[in-house]
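Just so we're aligned: -3 in the numbering used here is position 8 of the sequence shown, and the numbers increase by one with no gaps anywhere.
Rather than coming from a laboratory, the hints here were simulated on the basis of the structure. Nothing here was measured: the structure is a model prediction, and the numbers come from that model. Among these hints, one or two may not hold up.
Estimated spans, in silico, between C-beta atoms of each pair [what the hints assert, rightly or not]: (1) G130 / R20: 16 to 26 Å; (2) V129 / Y44: 34 to 44 Å; (3) G95 / W18: 33 to 43 Å.
Restricting the straight-line Cα-Cα distance to at most 27 Å, the calculated cross-link-like pairs of lysine-lysine (DSSO-like) are [to be verified]: (4) K57 / K139; (5) K116 / K57; (6) K56 / K(-2); (7) K108 / K139; (8) K48 / K139; (9) K139 / K(-2); (10) K108 / K15; (11) K60 / K15; (12) K116 / K106; (13) K57 / K(-2); (14) K56 / K(-5).
The beta carbon of each residue, even a glycine, is placed where N, CA and C say it ideally should be.
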Amino acid sequence: MNGAMKISKTTSENPDFVNLIAALDKSLWERYPELKTNYWGNNILELNPNVVIIYLEDKAVACGCFKKYDKNAIEIKRMFVSPEARGMGLAQNILRELELWAHDLGYSFSVLETLHKQKEAIALYEKAGYSIVENYEPYVGLENSICMRKQI
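Could you build all of it, start to finish, from the sequences and the hints given here?
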């Protein structure tokens, strides 16, 4: 995949986003079958106006979104890159777009949660300037969760 890349700002109603999230959920449940009941409620796809999708050669291959966490912070959600598009820096592009968008909307911080086995994701977020923090709600007490924060 060396074709043209397009970054699109959209909403969670975008069918390409819905399809990418279905692939994300499938991969998470395959990797963490024991956690499905604990985390399912945190992965409900609510209407979200802050979605970024990357297209390569007109095919949706990566996505992410954010939602308001509090008056100063957003929470990064649903970061995913299709297996065939990994290793191309697309997750960094998605994260940067989301942070810039949130900053433009007046937010100062970004928080996120990932799971302890997501070593690639943790490394990506640390490289992007995120630091591990105490778990925030609704992840307090969930030992598989890694929560992170960054000033944007």
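The hints, checked one at a time:
1. G130 / R20: 16 to 26 Å: holds, 21 Å
2. V129 / Y44: 34 to 44 Å: The hint (34 to 44 Å, Cβ to Cβ) holds, given that V129 and Y44 are roughly 37 Å apart.
3. G95 / W18: 33 to 43 Å: Holds, at about 36 Å.
4. K57 / K139: holds, 15 Å
5. K116 / K57: Holds - the C-alpha atoms of K57 and K116 are around 23 Å apart, at most 27 Å.
6. K56 / K(-2): holds, 14 Å
7. K108 / K139: holds, 18 Å
8. K48 / K139: violated, 31 Å
9. K139 / K(-2): Within the cut-off at roughly 22 Å; holds.
10. K108 / K15: holds, 18 Å
11. K60 / K15: Between K60 and K15 the Cα gap is close to 32 Å, so the pair fails against 27 Å, i.e. violated.
12. K116 / K106: With a Cα-Cα distance of about 17 Å, the restraint between K116 and K106 holds, given a limit of 27 Å.
13. K57 / K(-2): Between K57 and K(-2) the Cα gap is close to 16 Å, so the pair holds against 27 Å.
14. K56 / K(-5): Between K56 and K(-5) the Cα gap is close to 22 Å, so the pair holds against 27 Å.
Taken one by one, the earlier hints fail for this structure at numbers 8 and 11, listed in ascending order.
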